[in-house]
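Dock chain H against the given chain R, drawing on the hints supplied.
Sequences listed follow chains R and H, in order.
By the count of the numbering used here, the first sequence reaches residue 359 at its end, each step adding exactly one.
By the count of the numbering used here, the second sequence reaches residue 664 at its end, each step adding exactly one.
The set of hints was computed from the structure by calculation and includes no laboratory data.
No experiment lies behind these values; they were computed from the predicted model shown.
Treat each hint with caution, since some may be false.
[Unchecked claim] Now the stretches of chain R that chain H is said to cover, found in silico as 3 or more residues with beta-carbon under 8 Å:
| # | stretch |
| --- | --- |
| 1 | 42 to 53 |
| 2 | 94 to 100 |
| 3 | 179 to 191 |
| 4 | 204 to 214 |
| 5 | 296 to 310 |
| 6 | 350 to 358 |
[Unchecked claim] From the structure, some residues in chain R lie toward chain H, with a derived Cβ separation under 10 Å:
| # | residue |
| --- | --- |
| 7 | G39 |
| 8 | G156 |
| 9 | P162 |
All residues carry an ideal CB built from backbone N, CA and C; glycine is no exception.
Given next are the chains, with one letter for each unit.
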Amino acid sequence: MSVTRRRALLGLGATAGAAALGGTAHAQTPLQAGFIYVGPVGDFGWSTMHDVGRRRAEEVLGAQLRTVHVESVAVPDMERVVQQLARQGCRIIFTTSFSYFQPTVRVAPTLPNVFFESATGTTTAANLAIYNARFYEGRYVQGVIAAMKSRSKQIGYIASFPVPEVVHAINTVMRGAWTIDPAMRVRVVWVNAWFNPGREADAARALIDQGCDVICQHTDSPAPIQLANERGVFGFGQASDMTRFAPRAHLTSNVNNWGDYYVERCRAVIAGTWRPGDTWGGLASGMIRLAPFTNMTPEEVGRAERVVEEIRSGRLHPFAGPIVRQDGQTVIPAGQTLDDNAIRAQNYFYQGIDVQMPS
Amino acid sequence: MTLLEAIILTVITASTPLLIAALGELVVEKAGVLNLGVEGMMIMGAACGFAVAILTGNTWLGVIGAILAGAVLASVFALLTLGLAANQVASGLALSIFGLGLSGVIGASFVGLQREVMPKLFIPGLSDIPFLGRILFNQDPFVYASLALLAGVWWFLFRTRAGLVLRACGENHTSAHALGYPVLRIRLLAVLFGGACAGLAGAYLSLAYTPFWSPGMTAGRGWIALAIVVFASWLPWRAALGAYLFGGVTILQLHAQGAGLAVPSQFLAALPYLVTIVVLVLIMRARSGASAAPAHLGTPFVPDR
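Looking at chain R on its own, in the form it has when it is part of the complex (with noise of 0.2 Å):
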């Protein structure tokens, strides 16, 4: 019933009129989807990801789901973006930035018969849901396992920007790695960029000429693995799997994992049972996969999954307590763990990171 209704109200709010508004022919007519990414689809990272969550999509709805995507939208062009892609038909627009969360917030009253889903976010509404992915949870094997395999006991990391994503990253590697050893040290460089190859393996090259022999990025190009390949040192890969990219230097990936979110939320547009939500998935429900481990011996695959798998119950959380801010400050006890709201709004580094905070 409620299905009819709010395919009536996009029949009648769609200018072409395409769909008849013929009982029979709705049963058939596909639900329409929109992706509105902030890069190239050839990014390798971010929004390369996006993208295979929406092909994902796409081949599990088969005949029930069309999409549409336009890509390298700047923030300033995505309302725009935005009203010709409800003007197409699309009945649910997925905004896969953080830096489109606010025109996203301004637009979707406007047009109350699309859902919105913004990629990261601080607040939904009626028809505007949030979702994003654990991403500190594979950070914190990523710090286990450099740990192991690091001989010079410090780990470089490639930062992109002074954000709490960033920043409780950096703290999960080091929480990680001092599972294995106390005396691990990280050197961090902010390229204040997420994609700028050049510079990222620049600063690679000088993470690496001061003694690091693990690199890990937080940033979207391919090019700091690379480097590690090249100059025999160790790294991760961001966002895809980078093994092709570093064959002798890939450990292991965070690979973002939209796909199954993106089934979810386009079929429950077509059973009329979409709600706004705030979706933050980890290991466990899978938006967040480890690309598998290579460059490793078995034992140390073996500690590795052991925590994947401690991570995945929920035995081990990354921001257990107690947790000491640099300064010497206690923010919780042991016994305690952070709550969602804390882990977004992170801007310390723990105490044992001797790294400044950029101010």
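Only chain H this time, still in chain R's reference frame:
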């Protein structure tokens, strides 16, 4: 290898694409043409160079492909600005945007492929000299090419008759025309040379520096090359100084961060640009406001017949 050697080695590699592209643009501007499309030609070089290298399996053919791609794009610019006397600023900007888009189309099927990094070229004897040998003769072929290009451009512009004629076209194209020199043909060759250099710089990025293709991978280096030409007040050796200064500050700020220096990273990231502006102001003051630009830079030449 000491940390200092490692830093200098990295500075040289980071500066090389800037130097190659800047030298090409310097020759173009000396001939009186302002081609703002360096970014577009550079990324076309990166895309085509990588594509050809993948298709043929030969890095050197890739380099040649990149040079040709840069020159082809430059010939479009030449057609517009020399053939049709269109506005050079507008055409150059259009060329940058066009190159960025077209390279994305050409590179689309090469996304995600990877090639081995171009091997370093060791020079027996020279590469073993402590310090100097290790930083200067322990590089990939592009670095040697950029230094040869620097010497060649300087020699051509200031030690040959052809260079003098080229500069005459940039200073006063009417006089050069009156003397019987083919202004448009000279400018065409200069523009093609600039395109070839930009293409070569692009090939360096996608074949040696970060050996993969990705849209937008030049990340503004073409614009920096343009700034270096002004910074250099149209002198080749100063362009080298500018390129190495820019590359040096970029690398040093990364090292400072890694070493935990308590300076805001945003400030460090902005430092190369600040240094460029400060030096530009100093140069202008030293010349008491007079510009060192070729007098007819950016002015279309339409021969009256």
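Checked hints:
no. : hint       : in the structure
1   : 42 to 53   : holds (count 3)
2   : 94 to 100  : violated (count 0)
3   : 179 to 191 : holds (count 5)
4   : 204 to 214 : holds (count 6)
5   : 296 to 310 : violated (count 0)
6   : 350 to 358 : holds (count 4)
7   : G39        : holds, 8 Å
8   : G156       : holds, 7 Å
9   : P162       : holds, 8 Å
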